[in-house]
Amino acid sequence: MRRLLFFWLLSLLAVPLGAQAQPSADDDSAAIALLEALDVGSFADKAAGIEAIVQSDDERARGWLQALLDGRLQRADDGRFVVVLDNRGRDWPVEDALTGEPLGEMSRRDLDRIGINNALRNQLRSAIAVVDLYAPDLTLRRASAERLLGEVDADLAGPLAEVIEGEEDARVRQRLSQALAIHRLEQGEVAAVADLEGSLHPRVRVALARAASGDDPVLVDAARSALNGIEQMIKVNRAAETLYFGLSLGSVLVLAAIGLAITFGVMGVINMAHGELIMLGAYTTWAMQQLLPGQPGLALVLSVPAGFLVAALAGIAIERGVIQFLKGRPLETLLATFGISLILQQLVRTVISPQNRTVVSPEWMSGSIAINDALSLTLNRMVVIGFALAVFAGLMLIMRRTRLGLEVRAVTQNRAMARSMGIRATRVDILTFALGSGVAGLAGVALSQLTNVGPNLGQNYIIDSFMVVVFGGVGNLWGTLVAGLSLGVINQVLEPWAGAVLAKIIVLVFIILFIQKRPRGLFPQKGRAAEG
Amino acid sequence: MTLSHRKTLRLRPLTTALLTASLLGAGGQALAQEDPIKVGILHSLSGTMAISETVLKDTVEMLVAKQNEEGGLLGRQLEAVVVDPASNWPLFAERARELLAQHEVDVVFGNWTSVSRKAVLPVFEELNGLLFYPVQYEGEESSENVFYTGAAPNQQAIPAVNYLHDQVGVERWVLAGTDYVYPRTTNRILEAYLQEEFGVAEEDILVNYTPFGHSDWQNIVAEIRRFGSEGKKTAVVSTINGDANVPFYRELANQGIDAADIPVVAFSVGEQELTGIDTGPLVGHLAAWNYFMSVDTDANYDFIDAWIEWTGDEEAVTNDPMEAHYIGFNMWAEAVRKAGTTEVDAVKDAIIGVAVPNLTGGYAAMMPNHHITKPVLIGEVQDNGQFDIVWQTPSTVVGDAWSDYLPGSRDLIADWRAPMRCGNYNVASGSCGGSTAAEEAEAALAE
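Read top to bottom, the protein sequences are chains A and B. FYI, my numbering numbers position 88 of the first sequence as 88, with every residue one higher than the one before it. Remember, my numbering sits 532 above the position in the second sequence when you count from 1.
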């Protein structure tokens, strides 16, 4: 109350002063009144204030609405309205909301945000969408058309018909006619059903479903048959979506497991620290982003070689420091590498932080591509699927086409024979382990985009990795690929009806039963190498 | 070996008491004053929960240091005793025993997960210790030795659901949670509440549980999207705990679920958790707490400044459980002053009715059921990782230990004042411990 009084006194003082200083004060006092109507306690009053701004012909209206929507329209302690340009830290750079001139930095203690809630956010978005219908920028018009679907009322129907006439872009035109058709459908117009047929958009479906449960028998029939067609298409899309989810989960499993498929599968080393090598790759991505602030995309791309190197070097250290002394003693190797995994985790906790680190997704990995209205594929997952396949192809190439690959296969199949042929088995051991570890690092780089980068990252993937390798058949890269992808798909198919917890259990039980039947996995190694 | 070890542990408090008594008799008052008051801190500094609990350890250390600067308590200095239970539930019980029996601390601030609290409960009751528990929890508990400074369900979940129903007009509900006791009990209360109070039909409630640390949210988020596109206003009530929230919110953003269409209200996501996420696409999603860092009061700004100074990190954030420790610590200090001693039974009696300022511009009072009064705030996520308060209860809400919406606990109240001194008094049968609510709740969970 006291503050209100203060502002009232202030405005008494400010108006004559302002009038002297500025010739256009008349114009601005109207604008101030508009903004003042936003700085009120109840959200209902704010909604009225927004409506007033929409009705006013002020050309700054859209800017104000956008600033309000973004939470950047604020009021300073001296009563001025400002737009905050960056709200990080304790002091924020601001500009005047009326004139747009920069006002330097203000402390957050001195600024009062004009708060909005989700209802106002909806109102603002619709208001901006209506303004943007006439925008010259095509992307704005597209967003506007997208927004107006299902929000057309009698007031908007008239102007909208005109806009559709004058619109050049086909997509905008189609969307807007659908939006208009939903309105016509609500008015009970049977012909509108034809315009909506085949659209997979949820709002269209809702509108049709509502019409199908109405009173008018003609309309009900038309809506029902349109709805049936839509439901059929949606079923197909849902199946495609589940498949995509499965492949995406599967590609994560493949990435996490493929390094292990080399160290465990090919070399036969049970490396419990494999998960922590993945973690190192993820932390490398984080470190890269710290080194290159503001360029998350570039940092991510550079993290691919860097993550590989860091994890490979760590792998070499582990191999030279511990594993080489424990050759042929799997139980001791298991315990020693488990110890290493704990050491690495605690090291990260002490040196960096026990808290998770933020890894930013670059622009080109955020959001999704809409295939149609019912199916959109998330971009980050798509990149990871591609990356997993690329890593797999690269590994296959190394194992099949290079001298290193040949030597690795020779050493693992018959160490003594290979050595007598002049192959330096120790060197091959180091390189193989480095390769497997480096690939784990690559997995970490990819996982940093999907999950938390923290000290526990590795633990979450170690069990899954062993599961995939054993299921696929130890020593077989193809097996790992097929096993990872199929486990992913099985999991995602089961999840909707069994729940996430049960789906995991079912998959685990399935693998246990499968291994009972076929102990060597999906693709067992054949020949003499498998006997040893 | 084990037996004799136990015996000495049990005998120890007795001998100490005798010793102290004889010392006091021999004019050892001056000596006793030299002794610092010991404040135990039982928070995980390693393992899964280190993410959340480390800052709470720092908070208590900061509060102890501040109290010492102001001259300590009863003319004595305070000393923090820190142990690390390493996110390992049985280890919590061992460390609690170590604090109480070995270090003989006067009070303990600690725990985060309900399962760890359940693990230390018998230890605190056996050795008669004091525990201040700072995290929102599922209720259905009131121990003589524990003070619950976090929210009970009626101080967080129920008001949040009311807000969504009354202000946002939500008609369909997704109850998504991590698979353990807090989300399961909370969701059971919420389900009963929604059906009883708002008459929500069963097909309009979707319940979903995921394991700790779940990272593949594609299917669940897609299901939420479908569930929410049936024409009725839909909201997600999330009791998803810990770092599983980061991939969950990422997936929400990537699948384009907008807060204005399907808002997610979270009970375990605070400023600390949001530091791991780019909040740009999450603007408008909600959280219900009793404190937000964005609260516009001088007490809060002072607390934030002190915290930034203590951590030396300009970007350091504060959160709700930190405020709970702030309140709990000040309440305990006030009770010690009132009782004139740190002796557990005296402090326990003195603390009921103590009121101290909270950080949101009001007062928090300790109630006879060992829960405190709190305002309930609903905040919307902003693009700078902060919450903007959009709604709050007109006055503070008294924490209810036993939910009125579960059949087993409906008739129970807790009152630790004389002469009742009972944590689960059954009003219907008029007897203490007359109900098997806890067992019933557990049996219902098991089904």
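Hints were generated in silico from the structure; no laboratory data involved. Please read all numbers here as calculations on a predicted model, not as lab measurements. Ideal Cβ positions, reconstructed from N, Cα and C, are used throughout, including at glycine. Where hints are given, some of them may not hold.
[As the list claims (entries may be wrong)] According to the in silico footprint, chain B covers these stretches of chain A (three or more CB under 8 Å from chain B):
1. 141-153
2. 164-174
3. 264-273
4. 358-364
5. 430-444
6. 492-506
>> Need the list of violated hint numbers for this structure, in ascending order.
In response: Checked against the structure, the hints that fail are numbers 1, 2, 3 and 5, while the rest are satisfied.
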